[in-house]
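J.: So you can see what is in the structure, the chains are spelled out below.
Number of protein chains: 4
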Amino acid sequence: MEMKKFMSDYSCRIYYEDVDAGGICYHSKYLNFCERARSEFFFSQNASPIQDDYHFVVKKIQANFHHPARFGEEIVINTYIKEYKSVSITLFQEIKNRDGLVLFDMDILLVCLQSEKIARIPTAFQEIFGV
Amino acid sequence: MEMKKFMSDYSCRIYYEDVDAGGICYHSKYLNFCERARSEFFFSQNASPIQDDYHFVVKKIQANFHHPARFGEEIVINTYIKEYKSVSITLFQEIKNRDGLVLFDMDILLVCLQSEKIARIPTAFQEIFGV
Amino acid sequence: MEMKKFMSDYSCRIYYEDVDAGGICYHSKYLNFCERARSEFFFSQNASPIQDDYHFVVKKIQANFHHPARFGEEIVINTYIKEYKSVSITLFQEIKNRDGLVLFDMDILLVCLQSEKIARIPTAFQEIFGV
Amino acid sequence: MEMKKFMSDYSCRIYYEDVDAGGICYHSKYLNFCERARSEFFFSQNASPIQDDYHFVVKKIQANFHHPARFGEEIVINTYIKEYKSVSITLFQEIKNRDGLVLFDMDILLVCLQSEKIARIPTAFQEIFGV
Chain A
18 MEMKKFMSDY
28 SCRIYYEDVD
38 AGGICYHSKY
48 LNFCERARSE
58 FFFSQNASPI
68 QDDYHFVVKK
78 IQANFHHPAR
88 FGEEIVINTY
98 IKEYKSVSIT
108 LFQEIKNRDG
118 LVLFDMDILL
128 VCLQSEKIAR
138 IPTAFQEIFG
148 V
Chain B
18 MEMKKFMSDY
28 SCRIYYEDVD
38 AGGICYHSKY
48 LNFCERARSE
58 FFFSQNASPI
68 QDDYHFVVKK
78 IQANFHHPAR
88 FGEEIVINTY
98 IKEYKSVSIT
108 LFQEIKNRDG
118 LVLFDMDILL
128 VCLQSEKIAR
138 IPTAFQEIFG
148 V
Chain C
18 MEMKKFMSDY
28 SCRIYYEDVD
38 AGGICYHSKY
48 LNFCERARSE
58 FFFSQNASPI
68 QDDYHFVVKK
78 IQANFHHPAR
88 FGEEIVINTY
98 IKEYKSVSIT
108 LFQEIKNRDG
118 LVLFDMDILL
128 VCLQSEKIAR
138 IPTAFQEIFG
148 V
Chain D
18 MEMKKFMSDY
28 SCRIYYEDVD
38 AGGICYHSKY
48 LNFCERARSE
58 FFFSQNASPI
68 QDDYHFVVKK
78 IQANFHHPAR
88 FGEEIVINTY
98 IKEYKSVSIT
108 LFQEIKNRDG
118 LVLFDMDILL
128 VCLQSEKIAR
138 IPTAFQEIFG
148 V
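Chains as they are written, first to last, in the numbering used here: chain A, 18 to 148; chain B, 18 to 148; chain C, 18 to 148; chain D, 18 to 148.
Quick caveat, the hints were computed from the structure, so don't treat them as lab data. A few of these clues could be false.
Copies of the same chain look alike in the list, so a pair counts if it works inside one copy or between any two.
Mimicking DSS-like on lysine-lysine, the simulated pairs with C-alpha atoms at most 25 Å apart in a straight line are [as the list claims (entries may be wrong)]:
1. K77 to K21
2. K102 to K76
3. K134 to K102
4. K77 to K99
5. K102 to K113
6. K134 to K76
7. K134 to K113
8. K102 to K21
9. K134 to K21
10. K21 to K99
11. K22 to K99
12. K22 to K102
13. K113 to K99
Please read all numbers here as calculations on a predicted model, not as lab measurements.
Working from the sequences, and respecting the hints, build out all of it.
T.: Shown next, in the form of C-alpha cells:
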C-alpha cells in the first residue's frame, strides 16, 4: 500500500556529543535522531517498539544530507509512512531546523522480526501505525 | 565558596543507541546525559556554553553507578553547584528514574578555558550560574 | 570517471558501545566504521583527511543491511572508488565478518569542501586517491 | 588483595566520531576506550567478557582528565589490576599518547554479576585475570 501518511514529529537538540570538528553534526547521528523519533512514536502511545519478541530492523537506507546541523541547534524530525507491506514498512523521515530548512531526509525500509526471523507485522503494531 | 545550590533539571529518554546487550544503558552514556543537562542550562537562558572562546572542560569525575537505566525509561538529571572558584566549578549531578530512584551520581570538576588556556570564569558565565 | 578501484581495507571489533539490546550492532554504527576506514586510508599514507581547510562531507548514502554484526565479532571494511569527479567522489564500502559474509554495503557520495564551500578536490588528495 | 599487576595494553585512534568542536576528544569517550581495552583483554585470550551469564558492571569511577586527545592521534590504554576481591575488581587504566604523555587515568570498580545479581567472580574469569 503506497501512501504518505504523517506519523509523528519529534524534536531534539544538537549537543557536544553529536558534533565533530567544526561544530557540525557527525553524519551518522542523523540516523540516531530518526531512530529516536521512531521509538518515541511507540512510547507516545504507551507502547514499546519491542513487543512479544517482535521488533523492526533496518534493511535499507537512502539518505540525503542537505545542510549541516550545528551545535546548540534544535531540530525536528518528521516521520511519514510511505509504503506498508505485510512484513515491512518504508518510512520517509525528514529533519528540519527551526527555520524550516530541510537538513536531512531519508527513505528507510524496516523489516519486522520475531526473535531473529522475518515475521508478519503483528496486529498490535498495525494498530499503532494506524494502517 | 562551598554550597549546594540547585542549578537545573533536565529529562531525557533511554533509546536503542544508549543501551548495550541486555537493554541496560552503557555506562559512559550517563556522562553524556549530564553534559546535555549542563549545556541545556545555558541554552535555557538563551546563552551558549561557548562564549567569546570561553568554555569549560572536564578535569575530574567521581561517579557512582547505583542502578541501571533501561531501554525506554525516562530519566531526570538534577544539577547542583557544589563549589565555585575563580577558574573552576564543581557540580553535583544526580540521575533519577521516574520513581525517584537514584541511578547515578557524580561530582564533576570543570575548569574554564579561554581558547586552550585556563582562565577566570568571565562575568557572563557568573551571571548565568547566579553566583 | 567510473571504475571500481580498490582503496583500502580496515578491521575493527564490535564492542559493548556498538551493540544494542540483543547484542546486535546498532545500525548507524556501520556508517561510523566506514568513516574510520576512510580516515585511516589517509592516516596510513601519513596524510590527514583535513588539509589546508579542505575536507569531505557526506552528501548521499545508499546502504543495505544484510546481516547483523554481533558483540565481539571482528569485521573488515573494504573500500573502493566507484566514481571520481572534480568536486566529488563516490565510494563503495562493504563490511564483512571473518567468514567473508557481507554484513553491510553502501554507496557513499562525498563532496569536497574548502572551509564550507564546494571546491575542486586538491592535488594533494588526488595523489592520495591515486586517480 | 592490593597490588598493581599489569594486565594489558590496547591501542586505538581518535576518529571524527570521537571529537567535538575544536577537534578535542569528547570526555566520555575515554571511558569507552578503556572499556574496549577491558573487553579486548578477554578476546585476546580467546575468551568473552560474558560467560555463562557472568559479566562485570561498572560501580564506581574516579577519573582525571590531564590533556586532551586530538583528532587523528593514536593512543594507548594501559590496564592494571589494583585490587582483587571475591565479587569485585578495581582496575587502574591510563591513556597515553604516542609521546608517552598521560592524557587520562582512572580507578574503576567493577562488580561481578550473574544475570543481574552480585556473584563471586567465577574460576574462568580468575584464570583470565591470572589472580
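J.: Each hint needs a verdict: does it hold in this structure or not?
T.: Results for each hint:
1. K77 to K21: both (18 Å within a copy, 22 Å between copies)
2. K102 to K76: within (14 Å within a copy, 29 Å between copies)
3. K134 to K102: within (16 Å within a copy, 42 Å between copies)
4. K77 to K99: Answer is both: 14 Å inside a copy and 20 Å across each meet the 25 Å cutoff.
5. K102 to K113: neither (28 Å within a copy, 29 Å between copies)
6. K134 to K76: For K134 and K76, only the intra-copy Cα distance (13 Å) is at most 25 Å; the inter-copy one is 33 Å.
7. K134 to K113: between (35 Å within a copy, 21 Å between copies)
8. K102 to K21: Cα proximity of K102 and K21: one copy only (14 Å, versus 35 Å across).
9. K134 to K21: neither (28 Å within a copy, 34 Å between copies)
10. K21 to K99: Classified as within: same-chain Cα gap 5 Å, cross-chain 33 Å, threshold 25 Å.
11. K22 to K99: within (7 Å within a copy, 36 Å between copies)
12. K22 to K102: within (14 Å within a copy, 38 Å between copies)
13. K113 to K99: For K113 and K99, only the intra-copy Cα distance (19 Å) is at most 25 Å; the inter-copy one is 31 Å.
Hint compliance for this structure: hints 5, 9 are broken, all remaining hints hold.
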